[in-house]
Amino acid sequence: MAILAAASDTAAAQHAGHGGNIKVPAGAIYTVADVEFMQGMIAHHAQAIHMSRMAEAHKASPRLLKLATKIDQSQVAEIRIMQQWLRDNGQAAPDTSSWRTMTMAGMLTDAQLKALDAAIGTEFDRMFLELMIQHHEGALQMVKDLFATPGAGQEVDVNVFANDVVTVQTAEIGAMRQMLAQLPNK
Amino acid sequence: MLHTGRVLALLAALTIPSIIAAQTYPNTKDPRSLLKPGRLDGDTVTSNMRLVSFSQKPAVFDSARGLTFINSDLAFRDKYVYQGNFAGFTIWDVSDPAKPKVVSAVSCITSQGDPSIYGNLLFLSAEGGGNRNDCAKGGVKDPRDHMAGVRIYDVSDPANPRLVKNVQTCKGSHTHTIVPHYKDRNIIYIYVSGSQAARPDSIVPGCKNGDDPADETNSLYRLDVIKVDVRHPEKAEVVTGARIFTGLDPAPLSSARQAAAAARAGDTTRRAPTRTTGPRNCHDVTAYPSAKLLAGACGSYGLLVDISNPEKPKRLAAKADTNFSLWHTAVFSNDGKKVVFTDEWGGGTSPMCQANSMLEMGGNTILTIDKNKQYKQHAYFKIPSAQTAEENCVSHNGGLIPVPGRDIMVQGWYQGGVSVMDFSNADDPKELAYFDRGAIDPPPGVDVPVTASPGGRGRATIGGSWGAYYWNGYIYSSELDRGFDILELTPSEHLSKNEIEAAKLVRFAEYNPQSQPKIEWPAAFVVVRAYLDQLVRNQGLAAERTTAIASALDAAEAQTGSARRNALNALAKNVDRDVKGAKDPERVKAMSAAIKALAKATTQ
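Same order as they appear, the protein sequences are chains P and D.
Going letter by letter, the first sequence gives residues 1 to 186 in the numbering used here.
Going letter by letter, the second sequence gives residues 1 to 604 in the numbering used here.
Just chain P, with the same shape it has in the complex (with noise of 0.2 Å):
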């Protein structure tokens, strides 16, 4: 429950546009904006892990399964990279709920959540392949505002971290328009 409360209170400090309760000790290479961006990404893969989870239950192809599956598999892994680092370095570490308070780039709406939940077959593969870009494309805005705060993304850990994250979900991204591009035209 703590964690959670601490996450709640860094997504609404975040929403405000200042560090809230986040302090970084004096001669850290890190910022406040990288452990928001450590915190706020948590959240961000928990909900992708939520709509992979969602794929066998609704029917998806072998191939979106598989793909599910992937996306499920790395980013449980990356979440224990992104939390084992805040609390390295001594900082509240959301868990995979957090997902249901924090909001941050490309993450589905609630509407679009129902929507996909609705979804079955067929149409479950492309709406998780239209929604699943749309999320990847919100990370990769979460990495570029990272960078574009002055001093942050410096950190070694954190600085691998979010190219990885780039250039992984970048190349994710292709293949999921390769395999949206080849759903039966509908």
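Hints are computed from structural coordinates only; laboratory data are not their basis.
Honestly, I wouldn't trust all of these hints.
Taking lysine-lysine pairs in the PhoX-like style, the calculated list, with each CA pair at most 25 Å apart, reads [to be verified]:
1. D:137 x P:144
2. P:144 x D:141
3. D:371 x D:312
4. P:23 x D:371
Just so you know, these numbers come straight off a predicted model, no measurement behind them.
Got chain P; can you put chain D on it based on the hints?
Same frame as chain P, but now just chain D:
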């Protein structure tokens, strides 16, 4: 418009390969699974190789865990191995592989520090946000001090390397690859793979972001190409961009489909993708200068590129596979007809070799190149052990082992260890040998605290083999966290003593794995016997013939001068007659050629 047909043709060719890999994966009974963890006191297991030496990182790079001081890639020259590190580089003297010596350990914040060596010049990739022109720690205060590109060191005095130039590139340099000038040995090109967005013109003059791959002025959709005159490295600069991505953008939604999407179920739940998201960088490119080809591992594609003119590379083919997360690196077979591509699923910091990780992701795939220079995808390969959640693991960098008659490569799998794969049969790759350690850290307890004390270590340490390469008889592996390993192959049913000895005859004074040299074997008895061992193993020639040939070789070797030459020529004639009727005629032919070469090289 010019490229529309090509894109459609490519998309039509996209299918999930139907190959069902023969290997049983993963195998929790594999000796590598569940080794005792420990940074320096964990379990070690080897199969068909032995650890010759292990050396810890120099102290200057060993002050903290995390990614700040991890080792990266390797380059080789003379008696030295150059090992990159996110905070500098180490030069090892490996004259005695059992006792490598640190010649110098240079501090210079340079993630990720992938090195290449050419003569006395050492090139290092720099992209990290904290890399500064002056190499110092503390982070970048003014964006103009940010060093993202290629650092050039003069290492003519290996004990005192000297920074000659920082070549800034628009997108920084995640990796880079040397492409030679085919006529002038004093000129080289450096193809730079950068994964960042292009920096603004105000920071690096001439750089420009842009969403249109066909726009020749944008700096995003290209590999920066640096030209270096080795006599004047201080004048090295970006001379052009390799525009090998143009036309590769995945087909956008047709207007009809967009309209249909808009009409469906209330616009608010839909959003057609708007950004162009085709590849705009490669993770790594591998040049094979002798074939004037380059294989690019570029986001969602594996590319094949003609580099006959290094200043004007031309894309020949592009292969996509939606199973592959991230096309990462490439290795050509020596005949240039196959390429092994790796997939760095999870970016190298995630444990993607666990029992539930998928076989077709985070491993290798083998592509063949047909006579029209198009790719065809064959099998996947992944190390068959089930690794733990504490071991970051995915296929990573490697290179060929020069065994005549076979396609064999060694590569690093991070904490999956070092593995040797035979990909002679593109549809049925096999593992021949491996080396692995237990995880650096044990599994965490269930009571992970919400926050650890600052500087504490809650996270499983990232480590393992960044890259493992065969060079002049040994396998060198760069261990991210622990240091530097040197290994040696040992004979087994999969790889004979003669095959190992034949590989040892191949020497390269200089070796940059991403600029792949052509392997040529000298005339030698072990080379012939390597082929013979293979014919015995695969029953490619009748047993009575292989036995007779073995005796004839022994007899010839016991002779000297013209007697030996005559014996070998007579043997070659007999072997030529064996070609017809042999189950593996190509290998018999290759053996005959090796016997003839040996006869020719036999002097009085």
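Here's how the hints hold up against the structure:
1. D:137 x P:144: holds (24 Å)
2. P:144 x D:141: Holds - the C-alpha atoms of residue 141 (chain D) and residue 144 (chain P) are around 18 Å apart, at most 25 Å.
3. D:371 x D:312: Distance of about 22 Å is within 25 Å: holds.
4. P:23 x D:371: Violated, because 61 Å separates the two Cα atoms, which is more than 25 Å.
Comparing the model with each earlier hint shows a violation of hint 4 alone; every other hint is respected.
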